[in-house]
Amino acid sequence: MEEDKFALVEKIIKDVHKVLSKIAELYAFDVVPVDINFQNKSPVLHLENCLGLESWCIKHVYMYCYSELMDKYSIKSKRKTRKISTIDSDRLIMLLNVTLLLNPEINSLWNRRRELVLGLLLDKTVELHFTRLVLSRKPKCNEAFAYRRWLLESIFEGEGYIRNGIEHLMNEEFVVCDLASDKSPNNYHSWNHRIWLLNKLRIVSTNYDLNALYVKEYHASEKWISKHVSDFSCFHYNQFCIKNLYNICNDSWKSLEKTLNIDLRKTLVRVLASNFPKDVTIQASEADLVGYSDENLINLLAYSNKVCNCNVDYVQMCRRIEILFHALILNNELIKFYKYHETLWYHRRFILHEIITIMYDHFGLKRDNGVLIKKNCKICNVDEIRQKQPKIGRYDSNRIFSSVLFNVIISHERNIIEESRKDGDHYADRHEKYLKFVKGFNNVM
Amino acid sequence: MVRVYALAVLYKGVNSATVLKAAYDLQSFSFFQRSSVQEFMTFISKTVVERTQSASRQSVKEGEYMLQVYVRADNLAGVLISDQEYPNRVAHTLITKFLDEFAAKVPPNNWPTANESTVDFPVLPQYLAKYQNPKEADALTKIQNDLDETKIILHDTIKAVLERGEKLDDLVEKSDSLTMHSKAFYKTARKTNSCCNF
Chain Z
1 MEEDKFALVE
11 KIIKDVHKVL
21 SKIAELYAFD
31 VVPVDINFQN
41 KSPVLHLENC
51 LGLESWCIKH
61 VYMYCYSELM
71 DKYSIKSKRK
81 TRKISTIDSD
91 RLIMLLNVTL
101 LLNPEINSLW
111 NRRRELVLGL
121 LLDKTVELHF
131 TRLVLSRKPK
141 CNEAFAYRRW
151 LLESIFEGEG
161 YIRNGIEHLM
171 NEEFVVCDLA
181 SDKSPNNYHS
191 WNHRIWLLNK
201 LRIVSTNYDL
211 NALYVKEYHA
221 SEKWISKHVS
231 DFSCFHYNQF
241 CIKNLYNICN
251 DSWKSLEKTL
261 NIDLRKTLVR
271 VLASNFPKDV
281 TIQASEADLV
291 GYSDENLINL
301 LAYSNKVCNC
311 NVDYVQMCRR
321 IEILFHALIL
331 NNELIKFYKY
341 HETLWYHRRF
351 ILHEIITIMY
361 DHFGLKRDNG
371 VLIKKNCKIC
381 NVDEIRQKQP
391 KIGRYDSNRI
401 FSSVLFNVII
411 SHERNIIEES
421 RKDGDHYADR
431 HEKYLKFVKG
441 FNNVM
Chain W
1 MVRVYALAVL
11 YKGVNSATVL
21 KAAYDLQSFS
31 FFQRSSVQEF
41 MTFISKTVVE
51 RTQSASRQSV
61 KEGEYMLQVY
71 VRADNLAGVL
81 ISDQEYPNRV
91 AHTLITKFLD
101 EFAAKVPPNN
111 WPTANESTVD
121 FPVLPQYLAK
131 YQNPKEADAL
141 TKIQNDLDET
151 KIILHDTIKA
161 VLERGEKLDD
171 LVEKSDSLTM
181 HSKAFYKTAR
191 KTNSCCNF
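Top to bottom, those sequences are chains Z and W.
Position 329 (the first sequence) corresponds to 329 in UniProt numbering; numbering is contiguous.
Position 120 (the second sequence) corresponds to 120 in UniProt numbering; numbering is contiguous.
Mixed in with the good hints there might be a few duds.
Said to hold, decoys possible - Looking from chain Z toward chain W, a few residues come up when the C-beta cut is under 10 Å (computed):
no.	residue
1	F29
2	D30
3	D35
4	I36
5	N40
6	G52
7	Y338
No wet-lab data here; the hints were simulated from the structure.
For glycine and all other residues, C-beta sits at the position ideal for the given N, C-alpha and C.
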């Protein structure tokens with residue numbers, strides 16, 4: 001009886017191996033729930049490029065493969081047979097494939113694969129396909145993502161990859177991330193992998209148009225967040241994308257507006273015009289503001305005496321504010337449409353935090369331990385850095401709090417808090433508290 | 001995630017409900033599960049419609065899914081299966097909309113005898129695709145807040161919808177419309193849902 005079972009398991013392993021030989025075409029693996037084997041049929045299913053295994057055989061197959069791996073190929077035997085012969089390695093790969101497909105959360109086994117890759121017994125491209133298959137069943141498997149990163153890292157390091165091959169490699173990676181994020185909500189690992197990828201590209205590539213990629217990724221993430229309103233992992237990625245947009249070049253900025261199909265300056269101006277403080281006599285209408293130059297607009301919003309001798313990059317500052325306000329407007333819409341989602345409010349905190357930091361920066365200040373202090377410019381006064389930083393006087397903070405930008409933000413926030421409160425959204429109260437006590441606007445709100 | 005999995009038009013007969021037309025979007029399920037999931041969604045739609053009174057609306061939460069049902073006074077019923085984040089208001093507006101269209105296209109005296117193959121009502125898949133993004137679809141159709149006064153009854157689990165003494169497990173076991181395969185799938189799903197998932 002036992003012997004019979006082993007023979008069957010051996011056959012299953014071989015069948016799986018046969019299907020896996022066409023791994024490039026396979027795109028999904030799954031365990032199919034079948035209680036009993038009442039038909040004398042192979043439990044290995046191969047349909048429309050999907051590989052399936054019937055559930056009744058899992059226990060036997062897994063136990064068999066796992067114990068053989070641990071008995072014959074574990075670290076203990078390393079001393080005896082340092083070198084893995086080709087026959088051995090074929091067997092080892094077969095067992096590893098089956099075991100990892102069924103349970104990918106064993107790092108030791110992934111490490112065996114790493115050794116095989118280093119020994120040139122496994123092909124890196126095939127390995128990328130294999131992890132993809134694993135992720136199709138367990139989209140939150142960190143081990144598989146980590147292995148993928150290791151593979152990519154070694155592909156980048158080696159001279160093996162052709163310069164124009166990188167594009168294909170990247171697209172493939174983005175597809176895998178998309179699939180994994182789509183399959184499983186709040187997939188921290190897939191979004192984290194994506195961030196790693198972009199950061200890696202920055203270091204590795206010399207001739208890859210990163211700015212265009214940033215624009216593309218921002219657009220994609222924006223679409224994603226408006227459909228996954230309680231998945232903070234993708235919001236976090238969106239935040240990463242926003243920060244990437246801060247320093248893109250002129251052409252990319254134009255293409256960003258084109259991709260989003262929106263005039264970012266107009267969006268900003270509209271918010272400004274509808275939230276201008278009433279007591280201040282600002283004559284500028286929406287139409288006037290569109291005509292303002294970057295420098296004039298910033299001076300209107302937050303006029304500050306020069307803190308140091310460095311040049312203020314008005315264009316860049318304007319753009320940062322524009323993109324953040326765009327994100328803020330999108331956030332408004334989402335909060336109004338999908339009510340009561342904590343994630344949306346947390347994202348709002350990020351956006352406001354960024355705007356306020358930019359504003360403080362412009363005034364040459366930073367917030368430290370809840371107190372506003374002067375920030376010394378590292379470029380123009382190197383010698384003053386060592387001096388103790390003085391606390392900022394009342395006058396200065398009043399100037400910030402009376403600036404137009406600040407008042408616009410506060411009035412805008414008040415509106416959304418008020419509106420959401422009417423809907424019975426208790427996150428609105430929390431948001432108000434956050435602004436008052438965390439951001440320190442207790443006196444001015 | 002905001003996603004619609006299924007839209008269905010049913011007729012609530014005296015003893016049981018029949019599906020008149022349905023559309024599914026099961027891309028997010030793995031290939032081997034799709035047929036079972038579809039069977040199960042049909043089964044559950046029927047079960048809930050049979051247990052919903054005429055001229056009432058219900059929203060039933062079960063796990064990460066949400067089933068919205070509206071049975072009109074003339075026993076025509078609409079079902080929308082989505083995930084939990086899908087806004088209820090949009091879901092019910094959509095149901096009202098496609099039921100009205102259905103009633104205009106297919107004469108009421110055909111309803112009791114018709115089935116999926118005899119009914120010609122091809123717009124469901126279009127709605128299914130369009131309403132995957134409720135925000136855009138809602139803005140396009142401009143049907144804000146025009147839901148009738150019928151109150152939506154909200155249930156936190158499917159148990160609340162079932163009659164006293166009824167259990168979903170038993171209903172599944174007894175059902176003829178589910179294949180062996182789908183029953184096995186249901187059992188496994190029950191098991192995996194019970195342990196915590198991060």
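Query - Those earlier numbered hints the structure runs against, lowest number first - result: 5
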